[in-house]
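Protein chains: 2
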Amino acid sequence: MIAPISALVSIIAGLYFYYFVNKQDSGTERMKEIASAIKTGANAFLKREYTVLVMFVVVVAALIVVFLPAPIWSTSEPLKNVALGTAYMFGSFCSALAGFMGMSVATKANVRAANAAQQGLNKAFPIGFRGGAVMGLAVVGIGLLGVSTVFAITGVPPTEVIPAVLAYSFGASSLSLFAKAGGGIYTKTADISADLVGKVELSIPEDDPRNPAVIADNVGDNVGDVAGMGADLFDSYVASIVAAMILGSAPALSSATYVQIPLVFAGLGILAAVIGALTVRVGAKGDPGGALNAGTYVTCFIFGILTAIATWYLGFPWQLWGAAIVGLTAGIVIGITSDYFTSEDKAPVLKTAEASETGPAVNIITGFSYGLRSVIFPLIGIAIAAAVAYKICYPLGGSDTAMSVEYAVYGIALAALGMLSIVGLTVSNDAYGPIVDNSKGIAEQSGLSEEVIAVTDELDKAGNTAKAITKGFAIGAAGLTVIALLAAFQEIASRAGYNVAFDIMHPMVLLGALIGVAVPAVFSAMVMLGVGRNAQRMIAEIRRQFREIPGLREGKEGVKPDYAKCVDIATVGALRELMPASLVAILATLIVGFVGGIEALGGFLAGAIFSSLLLALLMANAGGLWDNAKKLIESGKHGGKGSEAHKAAVVGDTVGDPFKDTAGPSLNTMITVMSLVASMFAVLIVQYNLLHLLGLA
Amino acid sequence: MIAPISALVSIIAGLYFYYFVNKQDSGTERMKEIASAIKTGANAFLKREYTVLVMFVVVVAALIVVFLPAPIWSTSEPLKNVALGTAYMFGSFCSALAGFMGMSVATKANVRAANAAQQGLNKAFPIGFRGGAVMGLAVVGIGLLGVSTVFAITGVPPTEVIPAVLAYSFGASSLSLFAKAGGGIYTKTADISADLVGKVELSIPEDDPRNPAVIADNVGDNVGDVAGMGADLFDSYVASIVAAMILGSAPALSSATYVQIPLVFAGLGILAAVIGALTVRVGAKGDPGGALNAGTYVTCFIFGILTAIATWYLGFPWQLWGAAIVGLTAGIVIGITSDYFTSEDKAPVLKTAEASETGPAVNIITGFSYGLRSVIFPLIGIAIAAAVAYKICYPLGGSDTAMSVEYAVYGIALAALGMLSIVGLTVSNDAYGPIVDNSKGIAEQSGLSEEVIAVTDELDKAGNTAKAITKGFAIGAAGLTVIALLAAFQEIASRAGYNVAFDIMHPMVLLGALIGVAVPAVFSAMVMLGVGRNAQRMIAEIRRQFREIPGLREGKEGVKPDYAKCVDIATVGALRELMPASLVAILATLIVGFVGGIEALGGFLAGAIFSSLLLALLMANAGGLWDNAKKLIESGKHGGKGSEAHKAAVVGDTVGDPFKDTAGPSLNTMITVMSLVASMFAVLIVQYNLLHLLGLA
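Chains as they are written, first to last, in the numbering used here: chain A, 599 to 1295; chain B, 599 to 1295.
Do not rely on the hints blindly, as some may be mistaken.
Which copy is meant is left open, because identical chains are indistinguishable; a pair holds if it fits in one copy or across any two.
No farther apart than 35 Å at their CA atoms in a straight line, the calculated lysine-lysine pairs in the DSBU-like style are these [said to hold, decoys possible]: (1) Lys1245 x Lys883; (2) Lys1239 x Lys1229; (3) Lys797 x Lys1229; (4) Lys1235 x Lys1163; (5) Lys630 x Lys1059; (6) Lys645 x Lys1239; (7) Lys645 x Lys949; (8) Lys797 x Lys1239; (9) Lys949 x Lys1158; (10) Lys1163 x Lys944; (11) Lys1245 x Lys645; (12) Lys1245 x Lys1229; (13) Lys949 x Lys1163; (14) Lys1059 x Lys944; (15) Lys797 x Lys1235; (16) Lys949 x Lys1229.
These aren't lab readings, by the way, just hints derived from the structure by calculation.
Can you make the complete structure from the sequences, with help from the hints?
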């Protein structure tokens, strides 16, 4: 009961914030006009994206109905197949809904925060933050309400719930993958193209209204960073709950409670996030970055208290609480270390900025190297969190080794859940970033005064810091979640009568692992090449407009670029590029499974987890530090704006764009989708796989 | 007996080639002067490097004598400890000797090939190739002779030989690691600095004698690409033989033959390489790249025939021959696919060159993406080779599962050996590259005619193609070798009474694996940051010379830059930077082992193998394709030399330099060293490790 009630509380709090944002004034006609262009572009993109995805979802739902949980021609319960297809569609609908809600309010909050910035930082900040909080609370509220609904309908006996929540989670994840990849390609196409022609070739400022790509760039912040990122965390959040439920339904644990504990903890996490979000505020000369981080710490603290009370009151073993807290702590540690690698006053950014004086190549090498170096602490953090959670919960099984292992892997799943428990606030902080980035853009385009722009700049900087921390959090949480999902996959296979260990020296596990290592690399390459191709088309269009529209370059009164054309190119290109990469990830999983069997697929998932954690951390942190090195130079260091060092730093920043906003974050979702596909099909794969059928494995 | 005889044949053939190269004329006074400057610089570097390394080797040897195979205070056979220390020193001596011999002849062959280029391609080519072949044959000859010697002294009974050959291999590898990392830092420091100041800032051609870094750059080709690369393959070669010997000494196989088969196959590989090398020749208007590749195929074919005869004559099971041939075939396939990603007429290079028109950032993103994509085929190749070799040899064990597994992993080791069997020729082709690159430099600096420079250019291009293939080969072979070494590590632990499976869901294995994934990234970062730091020092010096030496920039008659100063900066910097990264790799292995125990260390090695294969393939291929995209533009495409596209491509090429010549290839050696350290200390780690002592694992 805690879960649906908390979910409703969260949705109500979200509606309150929405009402708060909506009642604010949205400023001058010019501001309204710009905001409306952004909103129109963003809605147009989402509408076209969802139109494509509806077809995809329907096709996959049909396949599920035909094949899962058992081929429809061979099952005595065809209704189960229909239920599974429905749960899948419901999951993707919930994911789309959360993204859409977040984006709707973001495109309202941006202009209102810009307008309020005229009355000072402390007026503008809550609009930006609460706009983001709508998204954050929608993600957790809808996510948990959805899981609770599926559970309420199918949950007795507990083992029956598994295929249904898996299908729900798979629906959420597959939609998230497209939303993240599509939005990521869109946003970076627009960003890179606008920068390369505007800043580099013509030396006009960022967000200059003469630039034909400026609206597309602002739209990109919304569809990529708000809707896409919301979908990303929606998917990790739901997957972590589902992984814990699957492991909690193990016969060895023999108690329905273990299926429900994840729902209880998740519900309490939501309450903590709502309270935390309400405490976030900043004074007239306050520090918005500090306010966001303080909100995070408050939420963590409240979560710790609430879950301790629940554990005591409901009589759960204390070890489970311990596992959740271990995950939460690891999340904070990972966030802080990624902050080190992207902070403007720490060695990585300082050295990369300094290296820019020697030209773009040395800037790239330096930033890339620090990005490589940055992976060590998060990986150790994930490793220790998983091992400690395992060790804490292992003794619950007493002297029975098999049962101890069940408890122990359940502990890993709870650690993942603990890390994601505060996701309501994480998403709020994260969505705050693109909202105030938009505010800055609107302030510049509508000719507000220098002081107002300075205020929006201050807000924007805080967004970047908060983003670095939450990104580290998101990757760490995804890492633990997919480890839990791997355990869930193993559990499902073993319930289907196929007990298996993923021994790395087993030839099929090794084969799978080596192939798995390659898939995230190929996936990243495909989305980044998509950005490159798309950007080339858009750059040609921007150059054409500057060449062919008389007076545009000089900024003649009344001359306007054709913004809609750029929005359209970004939209069409993103939709064309997002599908192949996502399909490769899903199909590779199915091929490895149906050819090589469970061992190969387990190895494949493990290899893919290792490789995508490595690449995601590298890309997120390298991208963030290149961005901040450029900002540091723009603040006057190493020659300031327009210097050779600045040009070099812009190259690094541009390389970092698809790293940190397209490929890096999509990898989280990709690996979750792959893990869920494996679990969905595990029972079928046990029965049908080529090498076993040929007697070769 | 086949092994030492083949090794001697190889050394004799090497001496014949050396004599052939040495008797050629070395041209004009100016040419001799330049060649002598390169030789002096290269010798100075090696001398200083070896001076540092001797201290390191002595310290490690002392530690080995004290602690291994058992602590000297607790053993009844202290002589064994001394023997181990001696074998270690012998291994590092052999590795250094092979590198030194190769480099000595390379610094003779370069100028002689440049001189012979005046009489045509078919006169110059054999000098370049045979110069490289001395290195190739020295590597395999010395390597195999060394292992055979250690075996002959300690080889009865076969199990006694294991610690000794391990120590020999560890000696070879640790020296190789330093040689590769040090040489790689040196060569790229010089290359990047020379290019950035010369080509980019002052727009003077490559290899222009006015550039103060030009001699350092030519020296770098020798110490990095010849001596370093020779050491790298020396280490993989020895390690693959040793891994097969360890697995072949398993009690289950119960026959001394299995320890000797690797030596027999390696010996036959050498004979094949000698015959192959003798067949390499090219006509007056012939195609040197084709000649090199033809030599490779001839060698593979002869190896197949010779080993088939030996298998039949000596009555080895045919499955073992099959495993070796599987490895060899996989090597060829990997080589061909990496050729695709770096060829001037294939999509990756063409698209990257095209992307350069949009500026350096898009060039980087495109090249990096293709680099990511390129990892898939080699990884699948390694995966299938390992799985097939395993499956082929598994039935040899009959119905006994444990014995079948012993045969099967022995099969993997033989596949690695098969892939490395033709290493004599691979190294010859690879060393050919820097020799003719030097020839081109000497031809330009000594003012030979345009036609002669064109001939050296032709030779140089063939070197680049051959290099791409052999690099793929080297990484693939290292991959299989370290998998075999992981099996060897497991075997050694199990003989010490600790039977263990590396199940990825075991918490210590998982912990180790996640940390292992991070280490290659940190290692790469450290060596690349080393290059960056070193290049900044050197760039400052080059700029100073152009500023302070009157007439230098204008190229006034008689004005010469201070070449020696640049050589010195590169040397001192490389020595300072090479140590920390290498120590991190070794110490991380020991810490994980002595804290977490055998499971953690096994997971650690597996994680490090996955991550370093991914990074090494990415870096080698991305670096190669950026290089060739630049060359394509220089040949006149997309605006040709001096265009904006060319400038962008130069940035990509510069970023690729430390990727492909410093970090990428060092990773091979790093992972071998880590695997050998683990095996060396396995017995001690079984007895002493923190978490077991605390009762936590």
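Here is how each hint holds up against the structure:
no. : hint              : result
1   : Lys1245 x Lys883  : within (33 Å within a copy, 46 Å between copies)
2   : Lys1239 x Lys1229 : both (9 Å within a copy, 32 Å between copies)
3   : Lys797 x Lys1229  : both (14 Å within a copy, 29 Å between copies)
4   : Lys1235 x Lys1163 : between (37 Å within a copy, 31 Å between copies)
5   : Lys630 x Lys1059  : within (24 Å within a copy, 60 Å between copies)
6   : Lys645 x Lys1239  : neither (39 Å within a copy, 46 Å between copies)
7   : Lys645 x Lys949   : between (44 Å within a copy, 32 Å between copies)
8   : Lys797 x Lys1239  : both (10 Å within a copy, 25 Å between copies)
9   : Lys949 x Lys1158  : between (41 Å within a copy, 34 Å between copies)
10  : Lys1163 x Lys944  : between (41 Å within a copy, 33 Å between copies)
11  : Lys1245 x Lys645  : neither (37 Å within a copy, 41 Å between copies)
12  : Lys1245 x Lys1229 : both (12 Å within a copy, 24 Å between copies)
13  : Lys949 x Lys1163  : between (40 Å within a copy, 26 Å between copies)
14  : Lys1059 x Lys944  : within (16 Å within a copy, 43 Å between copies)
15  : Lys797 x Lys1235  : both (18 Å within a copy, 27 Å between copies)
16  : Lys949 x Lys1229  : both (13 Å within a copy, 31 Å between copies)
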